[in-house]
Amino acid sequence: MSNGKPGSDIDVKRFNQVFFEECAEHLAEMERILISLSDREPDQEQMNAIFRAAHSIKGGAGIFGFDDMTVVTHVMESLLDRLRKHEIGFTASMVDVLLEAGDVISMQLAGHREGSAVRQEAIDAVRGKLQRLVDNGPVSQPAAAAALPEPVPACEPVLSLCDDGALRRYELSFTPDDNIFRRGIRVESIIAELSELAEPGGFSSRAELVAVPRLEELDPESCLTRWHFNLTTQASSDQVMEVFMFVADEEQLSLRELPRETPAAAALPALPAAGPAPSAEPEPRLEGRRAYDRDETAPGAFGRRQGEMESSIRVNVTKVDQLINQVGELLITQAMLAQVAAELDPVRYETLHKGLAQLARNSRDLQGSVMSIRLVPISIVFSRFPRMVRELAARLGKSVDLKMVGETTELDKGLIEKVADPLSHLVRNALDHGLETSEARLASGKEATGTIQLKASQVAGRIAIEVSDDGAGLNRDKILAKASEAGVPYSESMSDEEVWQLIFAPGFSTADQVTDLSGRGVGMDVVLKNVQAMGGRVQIASQAGKGTCVTISLPLTLAILNGLSVAVGGEKFIIPLSAIIESLQPKSDQLKSVNGKQVVAVRGEYLPILRLHNLFNIETEVSDPRQGILVLVDLGGEKTALLVDALLDEQQVVVKSIETNYRRVEGSAGATILGDGRVALILDVAELFEMAKKAQPDPGPAKEAA
Amino acid sequence: MTMQGALRTEQNQARGAEFLTFTLAEETYGIDILRVQEIRGYDSVTRIANTPDFIKGVINLRGVIVPIVDLRLKFKVGQATYHEFTVVIIINVADKVVGMVVDGVSDVVALSEEQIKPAPEFGSALDTRYLTGLGTVNDDMLILIDIEKLVTSDEMQLMERLPEV
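If you read the sequences in order, they're chains S and E.
1 is the number of the first residue of the first sequence in full-length UniProt numbering; add one for each residue after it.
1 is the number of the first residue of the second sequence in full-length UniProt numbering; add one for each residue after it.
This is chain S alone, in the form it adopts within the complex (with noise of 0.2 Å):
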């Protein structure tokens, strides 16, 4: 029995997170509608979704027990339903009162969820703030409401109904299936709230036994109870339904509505007689199923069901990384039999290698569908601009249009967590920087609106993501300028490509005042080095009057890197793709000294040499780079060439954490297991960069040989 108590704490635990998550989405949901309003009047099927999306986020925080949100989203859900019912008129205020009231509940459920400070004072002036709209907001002209088209005439009757304030009657009866009780739904408070629509003594409940079972088969934790309700109430049958809105369908819920006091209403089918409705029937049954949920089911339905339609399963993300690296054993057997394959003979052991072939081939389709399940569309990360676009963008006094291309574009969750704020970070200068006012603009012959445009794509096996805005350019003078002011290195002859990258020079900024949205100067280095930690790499490009274009290019996940297995002594090691800009075999007129330091000359550049084996001291044949191979890479700018004895192979990795049960290895950024399965580093190179600086002199050629 003791252990029953632990067990259903962490029950709750789980449906909290239940709770949190749909609530986020609820949030999501709502925002994304009230911006793709911009100021126009939502349409019947918008005014429903956002209605749902508050009323849910109200249910469930009073069914888990988080008192405090339902604070706001009832005041919010009142403001809602009576726009909803055209009992007020909407204005564009509204959106953002609504937005902030949304922002509230975020911060709410972030107190509860992350135990993160909430502030109690904008919950206050929200709450103020709504309320205010609901007692005195504008009064919607008739006339206004009538012509407004309806696009769900279905759900008009019911909307109908409750205008008259007539008092009707419902005859309500309610089956739950077994499990209600461990879903964790209280029957007790879903009567408490049908009581509190019922007028004053309209309210009686009965409860009988479905079954009974024998008392050794009994379960006390299953619903074996049906309840009937008669209800006296002004609200619609809309409104009693949504009473059952946190009962999922498969319980059987049947409401009748009882004919009216007047025997000629009750007879009639159409009411109001006069009107131009629809013919009225009143839903008089609605079996098992919740009156919106058949709206939703209507063509075209603008609704929080929308996304369900592709059915879809939450799984944890360490389930989906366990599957992965088990496709990543997979392969690495596979490359192990093939090398193994390769020495047999082909004539005598065909089948074998045909069926080797064909296991190469599954191998790698299983590995594309593998990590297809970690990439999610990058809409997830856009979605977050239209709103702060806006908002900065009034702050700052900007008319800007917002651009989005290729949202669908999928890239690996890991990845997309981590490239949201240096994306933010660019729209942001973009906005503040980039874009002129709409005076300047007109000036220059330009739409007084300036336009930013997101556009994420997949070329070559990475991702693109590129913001640009066609504002004022980058400017090269006041760039240099400011780089002699902070001390940053730079010649006049540099060309405007090297002259952007000054830009992202740690303490660079060419505002021209510090803004409380950018020109602090902490920028562009954080997003150069967020970006660089995800294997990643950002261009620039810009021209004057035109406006600047900045690049984002990733890999398209995190688990698996493309590199170049380089051979030193008798160690492999693995050089990622993304950093080699090319391999030569140099001459001797190539090999320079500078400071005894050995340098070699590519393309008129001097680079210095980096003599892997001397780093990870290994033994080898291989000390003049005459003999071996350098490879050139690329650490954002700063360029230097490795050197190794071979080149083996370019292939796909899976990478592998050493720190899982050793300790960061210096100059590595992980391992990975090599087909004949051993395990080969996976260099990090600009860590070997520092490695270098920090170890002793090069000894030169001649001393090496020992």
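Just so you know, these hints were derived from the structure itself, not from any lab.
Computed from a predicted structure; not experimentally measured.
Do not take every clue at face value.
As the list claims (entries may be wrong) - Covered by chain S, according to a simulated footprint, are these stretches of chain E (three or more residues, beta-carbon under 8 Å):
id, region
1, 37 to 51
2, 54 to 63
3, 90 to 99
4, 151 to 159
Even for Gly, the Cβ is constructed at its ideal location relative to N, Cα and C.
Put chain E on the given structure of chain S with help from the hints.
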């Protein structure tokens, strides 16, 4: 003896009783068998640069990368030679998997509490800090090691930081 007393004694015996014994040069050591994951041969170790000589490198243990320590080099006993009979004991401590090269694995022995004596202040290649006691089996002496303490210790240089012991 009460029921509970009897139970506790039985548990004690079950917990402390079984040891995997291995040899380093002339000495025989024992470690808690529950810490041992498997025993395998020594092959294809990838060297890691700039580490002490007793850290031989890392191996691929069914897709997991596992560091290998040669206890003979660490404690400067015996001949650190590697051939087809060289044995690696894979142990699992403090959520880490680590391989240890030893001269040979001998046996699994059960020791009762009476058979375990406190460790002496000196007399073995290992620091007495890592010893839990001396066992006697048929007049042979067994040096019992607290393997978790040893592996997580700073001097083994296997962990990023010393976890709370």
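These are the hints, each one checked on the structure:
Here the region 37 to 51 of chain E counts 6 residues with a CB under 8 Å from a CB of chain S, which clears the bar of 3, and the coverage holds. Counting residues of the region 54 to 63 of chain E whose CB lies closer than 8 Å to any CB of chain S gives 6, which reaches the minimum of 3, so the coverage claim holds. Beta-carbon proximity to chain S at under 8 Å applies to 3 residues in the region 90 to 99 of chain E; the threshold of 3 is reached and the given coverage holds. Figure legend: the region 151 to 159 of chain E, annotated as covered by chain S; annotation consistent (3 residues with Cβ-Cβ distances under 8 Å, at least 3 required).
The structure shown violates none of the earlier numbered hints.
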